[in-house]
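Model the placement of chains B and C with the ligands on the given structure of chain A, informed by the hints.
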Amino acid sequence: MERQSPLFRLFLHAAALLLAAIILTPLLWLFVMSISPAADLAAKPLRWWPATMDFSRYATLLSSVENSAGAAFMASLRNSLMVAGMATVAAVALAVPAGWAVSRTPSVGWSLSVVIATYMLPPVALAVPLYMALAKFGLLNSVFGLALVYLTILAPFTTWLMKSGFDGIPREIEQAAVIDGASLWQTLRIITLPLAMPVVATSALFAFLLGWDEFFYALLFTSDQRAKTLTVAIADLAGGRVSDYGLIATAGVLAALPPVLVGLVMQRALISGLTSGGVKG
Amino acid sequence: MSALVVDTIRKSFGDVETLKGIDISLESGEFLVLLGASGCGKSTLLNIIAGLAEPTGGDIRLNGRSLIGVHPKDRDIAMVFQSYALYPNLTVRRNIGFGLEMRKVPAAEREKAVLEAARLLQIEPLLDRRPSQLSGGQRQRVAIGRALVRNPQLFLFDEPLSNLDAKLRMEMRTELKRLHQMMKTTVVYVTHDQIEAMTLATRIAVMRNGQIEQLGTPEEIYNRPATLYVATFVGAPPMNLLDVTATAEGLLIAGSDRVIPLPPPLLAAVPHGKTLKLGIRPECFRAESSGGLPLTLRCEVVELTGPELILSGNVGGQRLVATLSPRTRAVAGSDVTLALDTEALHLFDAETGKRIDLRAD
Amino acid sequence: MSGTWLTTRAWLLMLPLLIVMVAVIGWPLADTVQLSFTDAKLVGTSGSYVGFDNYVRLVSGNAFGRTLFTTTFFAVVVVTVEMLFGVLAALLLNQRFHGRTLLRALLILPWALPTVVNATLWRLIYNPEYGALNAALTQIGILDNYRSWLGEPGTALTALIVADCWKNFPLVAMIALAALQAVPRDVIAASYVDGASAFSRFRFVTLPYLAGPLMVALVLRTIEAFKVFDIIWVMTRGGPANSTRTMSILVYQEAFSFQRAGSGASLALIVTLIITVLAVAYGTVVKKVAGSAA
Ligand SMILES: Nc1ncnc2c1ncn2[C@@H]1O[C@H](COP(=O)(O)OP(=O)(O)OP(=O)(O)O)[C@@H](O)[C@H]1O
Ligand SMILES: [Mg+2]
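Residue numbers (our numbering), protein chains in the order written: chain A, 1 to 281; chain B, 1 to 361; chain C, 1 to 294.
The following block holds chain A by itself, in its conformation from the complex (with noise of 0.2 Å):
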């Protein structure tokens, strides 16, 4: 390969650090403002680093006090965990045998096409009539009624990388357990389902995190403490009424914690994933 000059080199360095500060100037005073005392993030001029670390509005949210802001931002941590787990557990129930269907019998392949391409219709053209049928089976405010909800954006997104995923297992290896004599459930059981597992758990991950991340649902299907999610709680935490600002910054730390580990950790699986999407489209 050719070599790089030092003014290239000189350059290179330099766009990587504007593009370092770039991704981590936010991120980093989401941080400070989260451990500044109310003090310092209302100074003029305004204090960037904190005299003293405060890392107290960290206990006040985890703590579970009656009627605290801690008690509200632990139940719909709560909430948002239940609500993206059941809907992460379903649509991956749901994506596995379908995305085998669909990978081994191509021939029904155009329903998932049919099923992926609703991805185009944005939520607010559903949003009225399950707003209505939630009502009247008495799922509002409810963690099922909104992880039922919360099926429309995950399980086709995790058929589709289910899908990709059992493409890449030979049909061979299936034939020839056939062959040996297996039955379906054996053959998916014993050879399959083991050899998908890794692709199982990037759909189940990256399921989980469009759950965490949804928004639109929870806001029009959720109204209290029983089923209100974090973002939900969030955006009301930031909608007004708190003054410390920091305590805001605080519960966006503690919501961004969990998909921002799991995207750092499982980085490559992610990528994979996203790109195994994108480029076979």
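The hints are simulated quantities; they were obtained by calculation from the structure and are not laboratory data.
Don't be surprised by glycine CBs; every beta carbon is placed ideally from N, CA and C.
Don't take each hint at face value.
[Unchecked claim] Partial list, computed: chain C residues near chain A (C-beta under 8 Å):
hint, residue
1, L29
2, I125
3, I223
4, V234
5, V251
6, T272
The following block gives chains B and C with the ligands in isolation, referenced to the frame of chain A:
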């Protein structure tokens, strides 16, 4: 009674007819090689026999029992795939024993069978590894072991050696031949490697475009190719083909005034006046000027490979290759006269490609 | 193992997914279509049939045109900036320099940050009284007085666009980087041997590998930008003076703030139609690009 009967099997994918009526009948213990270029339908036929695909028409019978509609696992057939199709997540031991496991063979009996197969294939030390920890040749042995252990009525192989390097391929070829001679199970084996076909087969079916061009023993395929296609497909370097016309003296080579003299009784069987294709295998030439039929050609390139000398030249502008003994003396740019036997001449109808028999029998 | 049985089996395995999809997407969509021809309220009356009244009224009203323009403007700017920035970042990250691995890892952070947290973060940064942007700009001396970035119609949309681009350019960068790494090394080597300039190497060697994935990223990002709701809702709720109101916000207001379910439904369908037309148009282009690149 024939062990395996393939009876006018047809297969279409949509509008495309991939198999156009295949007929084969095999005696028990035969080793049939399906030989043909890529895409001619070999794998399709094999999959139909295995039950992985359903034919559009026709019948398959194994020891008298029709297999149409029979589930693959109930056909008593084992198959070795080109990609080996080992189960990557299972140990070699479990890979080999999987068929028995699925058939609910007791563990002790299964273990015995697996060990026996592993011993035959010399892969005993590998039993606790996973396929990813094996070399290509070892994977191949495991794949064969998986088929072997079931002791089926019929073995199917789909290009089992094509992923191996040349040396391993030769070893495994010999190994397969040894196994077959020992087990005497009927085999259908797909390849597009003619050496494999010639060495392994008791019979070869040369396929082309979903049809069988010729079904016969390796000797028949080599010595009496039924069509131009078979003639050029089998043999390396490939058979020389010359445009000729039959005259009163013999075969006149187009583009020249050379005539290969033929005895009148043989000449009688040949249609006169028509353009014919004359096939001569390179290895049938002899570097003598006396005895047999003489053929003089202009020598262009001489290559000594070691065991033999390859001479390329032309007669009347038509290319010709001869493989000769390394002691032959030939000079590029000069004329050489080589000798042929009448048995070495293969005549084909230029239009239909069908063989025209020279012998009276 | 006949063909029909295999197909039947495949349908059986797809059935649970299809049932759920019909229940949570198909049926609500059909219901939306039906609602769009009524004057139904969100709660209470189921409304009566009004034909195309909703559509006519909405499209001829002035909110629609303005909102469509805002949405289109947002989508075009956001997608353009993200694609440009994403490709540049990917080209940079495909070079050799110290800390490359770390920087590649950092790229995933904005993408992983939940949309609502991102919106909240930028809302805090733009805060008119205590925000970091005001503080930084005045301390450097660019700005004399603190400004209400999100409170003034002139700056609100731009502020939103910056926030959205910051979160989403890494996705484009990751897709582009993966595509760049898929360019075979010997092809690049061959182009060096052939003496290709840096530009022609990019144009004739790299770009063909990049084109397909980038087109897919473009389609995905355009559709998402057209559907945008979360970030705007959290940062401005469509204000001030409706200067950041996009189609999804307008539908929300119509259907849920004003409780006009029928007309909200018509509006939602118009948005759906626009996105579908866009996607189909793009799809045709993608096929072409993918075809010519392959
Ligand atoms: N599922 C299928 N759908 C449509 N066409 C198919 C299908 N399977 C095979 N074909 C077509 O049938 C023809 C024969 O394929 P087959 O795999 O039997 O060839 P082959 O002789 O085994 O070739 P190779 O030596 O390359 O393995 C090919 O032209 C192929 O495109
Ligand atoms: Mg084949």
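Run the structure past the numbered hints and jot down the numbers of the failing ones, going up.
-> As far as the earlier hints go, not one is violated by this structure.
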